[in-house]
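Q: With the sequences and hints as input, model every part of the structure.
Numbering follows our numbering, in which position 118 of the sequence shown is assigned residue number 118; successive positions increment by one, without gaps.
A hint or two may mislead.
Just the calculated beta-carbon pair ranges, DEER-fashion [what the hints assert, rightly or not]:
1) Asp98 to Gly21: 32 to 42 Å
2) Gly60 to Met140: 23 to 33 Å
3) Arg179 to Pro99: 35 to 45 Å
4) Val50 to His97: 11 to 21 Å
5) Gln40 to Arg179: 18 to 28 Å
Capping the alpha-carbon separation at 30 Å, the derived lysine-lysine pairs in DSS-like fashion look like this [to be verified]:
6) Lys168 to Lys14
7) Lys52 to Lys14
8) Lys160 to Lys14
Since the hints were made in silico from the structure, they are not lab data. Backbone N, C-alpha and C fix where the C-beta goes; we use that ideal spot for every residue, glycine too.
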Amino acid sequence: FIHVPKCGGTTVVKAFEELLGDPPVHYSEDFSKVQWHPLQHSPQHTTYRVLKGMNMVPDGFEVVSFVRDPVERFLSEYAWRRTGVLQDEFAERFFSHDPELFWDNHHLSQYDFLDPGFGEIEIRLMGDISSYFGERFGVMPGVWNSSRSRELTITECAKKLVETHWAKDFDLLESIRSRA
1 FIHVPKCGGT TVVKAFEELL GDPPVHYSED FSKVQWHPLQ HSPQHTTYRV
51 LKGMNMVPDG FEVVSFVRDP VERFLSEYAW RRTGVLQDEF AERFFSHDPE
101 LFWDNHHLSQ YDFLDPGFGE IEIRLMGDIS SYFGERFGVM PGVWNSSRSR
151 ELTITECAKK LVETHWAKDF DLLESIRSRA
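A: Here you go:
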């Protein structure tokens, strides 16, 4: 499982815990206990490229990831952070790698998380998490939503920054939707 931040990862991890009794091997709820200092992020937010480079994706393993609309992903990030700053300021700081907001690979595009695994990773829309677990394992996981992003609308300034910094994600999303 390639965990792209703000793309249903908590739901996926909880579903795997229900199935296996333990969280996935590269998952940690407490970042302070993670000692992956060379990577500078928690293990659950590691890109496919890095996992492959570390031989953490054995040949023959099925790899899945879930993606979502980049604007919705940004709004989820904004709601989850609860920084108290206005959305435009948050977007400018988030995409300029402000040290206070530049955390745990949340700024990376979905494309960057999955490259070069296209063709090797089963990439599905975030809304398909339940059907994925139903098809594969015969279980329907509960949905965990840690933010209130559905109540937000994006400002024009923030939308332009999302479109600029996560441009490849819009193409990725269109590609996935066209296969459905």
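Q: All the hints need checking, so say for each whether the structure fits it.
A: Outcome of the hint check:
A hinted range of 32 to 42 Å for the beta carbons of Asp98 and Gly21 is consistent with their spacing of about 39 Å. Hint check: Gly60 to Met140, Cβ distance near 27 Å, so the stated range 23 to 33 Å holds. Hint check: Arg179 to Pro99, Cβ distance near 39 Å, so the stated range 35 to 45 Å holds. Here the CB-CB span from Val50 to His97 is close to 18 Å, well matched to the stated 11 to 21 Å.
At roughly 34 Å, the beta-carbon separation of Gln40 and Arg179 lies outside the given 18 to 28 Å, and the hint is violated. Between Lys168 and Lys14 the CA atoms are separated by roughly 29 Å; this keeps the pair inside 30 Å, and the hint holds. Proposed proximity of Lys52 and Lys14 is supported: the alpha carbons are some 24 Å apart, at most 30 Å. Proposed proximity of Lys160 and Lys14 is contradicted: the alpha carbons are some 34 Å apart, above 30 Å.
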